[in-house]
Amino acid sequence: MKKRLAALLTGTLLAVSVLSGCGESGQGGSTAEPAPAPEAESSAPEAESEPAAEEESASAEGTTGGDYTIAVMVKDSSTPFWRYLVSGAQEAANELGVTVVEYAPMEAQSLDEQTKQVEDAIQAGVDAICIAPVDSDGIVPALEKANEAGIPVIAINTKANGAKVETFVGIDNEAAAENLAQYMADELGNEGKVVIIEGNPAGQTSVDRVAGFTTILEKYEGIELTVSQPGYFKRDEAMTIMENLIQANPDIDAVLALNDEMALGAWQALDDAGMTEDVVISGFDGAVEGCNAIIGGKLKASMDQDAIGTGYQGVKAAVEVLNGNAVDEWIKIGGTVVNGDNAQDYLDNFAAHGFSE
Amino acid sequence: MHKISLALRRVPGNIYTLLAITLVFWIVCKPGTFLTGSNMINIAGQCSFLAIASIGSLLAIITGGIDLSVGGIMCFSGVVAAVLAKGGMPMVFAVPIALLAGTAAGVVNGLIIAKNNVAPFIITLAMWNITESLALVVAKGATVSVNTEEFRLPGSGELGFLPYCVIIAAVVYTIFHVITRKTRTGTYIYAIGGNEAAAHLTGINVARSKFLVYTFSGLTAALAGVLLASKLGSANPGQGAGYEFYGIASAVVAGASMAGGNGTVWNTLVGALIITILRSGLNIAGMPNSWQMVVLGLVIVGVVFIDVMSRREK
Numbered sequence: 003m004k005k006r007l008a009a010l011l012t013g014t015l016l017a018v019s020v021l022s023g024c025g026e027s028g029q030g031g032s033t034a035e036p037a038p039a040p041e042a043e044s045s046a047p048e049a050e051s052e053p054a055a056e057e058e059s060a061s062a063e064g065t066t067g068g069d070y071t072i073a074v075m076v077k078d079s080s081t082p083f084w085r086y087l088v089s090g091a092q093e094a095a096n097e098l099g100v101t102v103v104e105y106a107p108m109e110a111q112s113l114d115e116q117t118k119q120v121e122d123a124i125q126a127g128v129d130a131i132c133i134a135p136v137d138s139d140g141i142v143p144a145l146e147k148a149n150e151a152g153i154p155v156i157a158i159n160t161k162a163n164g165a166k167v168e169t170f171v172g173i174d175n176e177a178a179a180e181n182l183a184q185y186m187a188d189e190l191g192n193e194g195k196v197v198i199i200e201g202n203p204a205g206q207t208s209v210d211r212v213a214g215f216t217t218i219l220e221k222y223e224g225i226e227l228t229v230s231q232p233g234y235f236k237r238d239e240a241m242t243i244m245e246n247l248i249q250a251n252p253d254i255d256a257v258l259a260l261n262d263e264m265a266l267g268a269w270q271a272l273d274d275a276g277m278t279e280d281v282v283i284s285g286f287d288g289a290v291e292g293c294n295a296i297i298g299g300k301l302k303a304s305m306d307q308d309a310i311g312t313g314y315q316g317v318k319a320a321v322e323v324l325n326g327n328a329v330d331e332w333i334k335i336g337g338t339v340v341n342g343d344n345a346q347d348y349l350d351n352f353a354a355h356g357f358s359e
Numbered sequence: 105m106h107k108i109s110l111a112l113r114r115v116p117g118n119i120y121t122l123l124a125i126t127l128v129f130w131i132v133c134k135p136g137t138f139l140t141g142s143n144m145i146n147i148a149g150q151c152s153f154l155a156i157a158s159i160g161s162l163l164a165i166i167t168g169g170i171d172l173s174v175g176g177i178m179c180f181s182g183v184v185a186a187v188l189a190k191g192g193m194p195m196v197f198a199v200p201i202a203l204l205a206g207t208a209a210g211v212v213n214g215l216i217i218a219k220n221n222v223a224p225f226i227i228t229l230a231m232w233n234i235t236e237s238l239a240l241v242v243a244k245g246a247t248v249s250v251n252t253e254e255f256r257l258p259g260s261g262e263l264g265f266l267p268y269c270v271i272i273a274a275v276v277y278t279i280f281h282v283i284t285r286k287t288r289t290g291t292y293i294y295a296i297g298g299n300e301a302a303a304h305l306t307g308i309n310v311a312r313s314k315f316l317v318y319t320f321s322g323l324t325a326a327l328a329g330v331l332l333a334s335k336l337g338s339a340n341p342g343q344g345a346g347y348e349f350y351g352i353a354s355a356v357v358a359g360a361s362m363a364g365g366n367g368t369v370w371n372t373l374v375g376a377l378i379i380t381i382l383r384s385g386l387n388i389a390g391m392p393n394s395w396q397m398v399v400l401g402l403v404i405v406g407v408v409f410i411d412v413m414s415r416r417e418k
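Those sequence lines, one after another, are chains G and X.
The numbering used here numbers the first residue of the first sequence as 3 and each following residue consecutively.
The numbering used here numbers the first residue of the second sequence as 105 and each following residue consecutively.
Bear in mind the hints are in silico, worked out from the structure with no lab data behind them.
Warning: the hint list may mix true and false statements.
[As the list claims (entries may be wrong)] Heads up, simulated DSS-like pairs for lysine-lysine below, C-alpha to C-alpha not over 30 Å straight-line:
no. : chain 1 : residue 1 : chain 2 : residue 2
1   : X       : 244       : G       : 236
2   : G       : 195       : G       : 166
3   : X       : 190       : G       : 166
4   : X       : 190       : G       : 147
5   : X       : 244       : G       : 161
6   : G       : 300       : G       : 147
7   : X       : 190       : G       : 161
8   : G       : 195       : G       : 221
9   : G       : 334       : G       : 166
10  : G       : 195       : G       : 147
11  : G       : 334       : G       : 300
12  : G       : 221       : G       : 334
13  : G       : 147       : G       : 221
14  : G       : 300       : G       : 236
15  : G       : 236       : G       : 334
16  : G       : 300       : G       : 221
17  : X       : 286       : G       : 147
18  : G       : 147       : X       : 134
19  : X       : 286       : X       : 219
20  : X       : 190       : X       : 134
21  : G       : 166       : X       : 134
22  : G       : 236       : G       : 147
23  : G       : 147       : G       : 161
24  : G       : 166       : G       : 300
None of the values given here were measured: they were computed from a predicted structure.
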C-alpha cells in the first residue's frame, strides 16, 4: 500500500514537471521563435529543455495579435502535406504574436477523434478554431458546438457543409485543374490521347479536379479523353491502373493524375514499359517530391496547392476575425502551375521552412 | 481506524491513479479550464462510448479470451442505424435492428469459439474484418450523414445537464455489475477464466458461458457504435477503429489480468475514465499530438506495473 502510494506520488510529480514544461512550450513556443520553426513536431521537445530562454524572448517580443490562442486542426499527423500546413500556421503565429495549438487525430482521418478534439479545444478556451474537417458533413455537429460557445471557426483546405464558418481558406480545385489542363493541352499541341487518373470518386476534391480537366480538354477535337478507374490518391493503385491502361492503349500521349503520388505511380508503370519518352505526365500538389520529380524530368507539371500558405492564411484570417475585421467568404490559395521554370523556387521555399525531403 | 483502512482497501486501486491524473491536469491546465463542471460533463460524455464498449472487452478477458471485433462491430451497427434512419425509418425500429445486427456478429463469434474451441484471437480478428467490410458495403463506401434531431438525440441529447449517453452507460454498468456479481452466469465466467478445465469438471457449461460472453460483447459494442453514430450525426466505414484496443486497455488498466479470472465491471469504468481523461486532458493542456501516444502508453505501462507490484506485495 505504501509502495503504491509512493509510486503514485513520484509519478504525479514527474508528470506535473514534464507537462508544465510542455504547457509553456504551447503557450510561448510560437511567440518565442522569430525564425520559422524547423519542424512543427520538434519545436515542442526543444522548447522543453530550455524554458528559461523561452520566457525571456517571449516577454521581449510582446504581442501584436492580442494574445490569442488558435487551435489548428488537421486530418492526420504523419502526411507531409499537413506538416507543411502546420508550419505555415506557426509562421503566421510568430508574425502576429499569437499562440497556435495543433490538433491531429492519432487514427488518421478519424471523425470521432476530431469531434472530441473540437470539444476539448472548446473546454480549453481557445479563441478561434482553424479546421480541416476530415468529413465535411460529419464535422458539422462539432462545429455547431463551437458556434454555441461563441468561438469563431475557419475552414482550411476542406469545406464544412454547415454550421457558421467565418471563411474558407483553400484552393479552388476546379479553376486550378482548368489552369493545369490548359497548360498540358498547350504542351500537347492540342491533340493526343489523354488519360485522367481519378482519385476518390466520392470526394469533392476529386470531382472538382476531374471537372476542371474535362472542361478544358473536351474543347479540343484532337484530344481523346479517358478517365481511369479510381486510384484513391495512392501511388501503388495508380501504378496498377496505368499498367492495365498501357495494355489497352499503347499509344497514350499524356497522363493527368489527380495528385503527385499517383503521377509518380503512373510514371513507374510507364518507365517499366519503356514508354516515358513518349508520354507527358502531370501531378497535383506541387510538394517537395513533386517539384523534385519535375526537375528530374519525371513529371512535366504539377499544381501548387500551397499547404504552407493555407496554414498561414488560416491563422491570419482567424486573427482578423478576432479583431473584429471582415474577411472574404473564400480566401483562395495556390492555383499556379508548377513546371520546369519555377519548381526550384518552390523547393527553395519548402527548404526555407525546413522541408527538404 | 481499522475500519477506515479496511474500507480504503476495498476502494479499487486505480481510483488513486484516476485522482492523481486529475490532480496533474488540474495543476497543469490553464486555470478554470480542466476542473470545471462543463468539462467534467464533456469528459463523462466522451467516456461513455468507450466505457460501454469496454464491458465486452472485459468479459472476454475474464474468460481468458480476447475480443478484437469490438471496433468493427461498433462501426457496422453504427452504419446500419444511420442507413436505416436516413431511409426514413423511425428510431424505435432502426436502433433495435442495428443492435441486433451487431449482436449477431457477437453470436457468430460466440458460436464458433464455444463449439469448436478455436482461439478467440483469430475468430474475433476475422470478425473485425468482416464487420468493417460489411459496413463498407452497407454504407456504399461513403459517410452516411443523418443530421436529424431524432437521430442525434441519444448520443448528444441531455436530460437536464446529464447527457443521455452517460445515463445509458450508467444503466449498462449496473446491469453488467449484477450479471457478473449476482448471477450464476457471472460466477461461471470467472471460474472459466481461473481454470477452464477445473470449471468443466465441476459441471459448469463452459461452451454456454463463452457463447454468452461474446454475445454480450457484441451487444455492448453495437450499443456503443449506435450511440457514437448518433453523437456524430453520421456513420462512416472505419468509425470505431481503435476502440477494441482502448477497450482492452481500459480493462487491463483496471486490473484485469490477460490470463483471465479477474477484473470487475466498476474497475473497468475507472479504467475507461483514466484513458478518456488522459486524452482529453492532454488536448486541453495543448500537448502536441505526436507526444500524446507516448504519454498514454507510458501511463498504461506505469499503472499496470504498479498494479502488479502491489499484488506481489500482498
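Verification of the supplied hints:
no.: 1; hint: X/244 - G/236; in the structure: 20 Å, holds
no.: 2; hint: G/195 - G/166; in the structure: 45 Å, violated
no.: 3; hint: X/190 - G/166; in the structure: 24 Å, holds
no.: 4; hint: X/190 - G/147; in the structure: 23 Å, holds
no.: 5; hint: X/244 - G/161; in the structure: 22 Å, holds
no.: 6; hint: G/300 - G/147; in the structure: 47 Å, violated
no.: 7; hint: X/190 - G/161; in the structure: 23 Å, holds
no.: 8; hint: G/195 - G/221; in the structure: 14 Å, holds
no.: 9; hint: G/334 - G/166; in the structure: 19 Å, holds
no.: 10; hint: G/195 - G/147; in the structure: 50 Å, violated
no.: 11; hint: G/334 - G/300; in the structure: 29 Å, holds
no.: 12; hint: G/221 - G/334; in the structure: 26 Å, holds
no.: 13; hint: G/147 - G/221; in the structure: 46 Å, violated
no.: 14; hint: G/300 - G/236; in the structure: 17 Å, holds
no.: 15; hint: G/236 - G/334; in the structure: 26 Å, holds
no.: 16; hint: G/300 - G/221; in the structure: 27 Å, holds
no.: 17; hint: X/286 - G/147; in the structure: 42 Å, violated
no.: 18; hint: G/147 - X/134; in the structure: 21 Å, holds
no.: 19; hint: X/286 - X/219; in the structure: 26 Å, holds
no.: 20; hint: X/190 - X/134; in the structure: 42 Å, violated
no.: 21; hint: G/166 - X/134; in the structure: 27 Å, holds
no.: 22; hint: G/236 - G/147; in the structure: 34 Å, violated
no.: 23; hint: G/147 - G/161; in the structure: 17 Å, holds
no.: 24; hint: G/166 - G/300; in the structure: 43 Å, violated
This entry does not satisfy hints 2, 6, 10, 13, 17, 20, 22, 24, going by the numbered hints stated previously.
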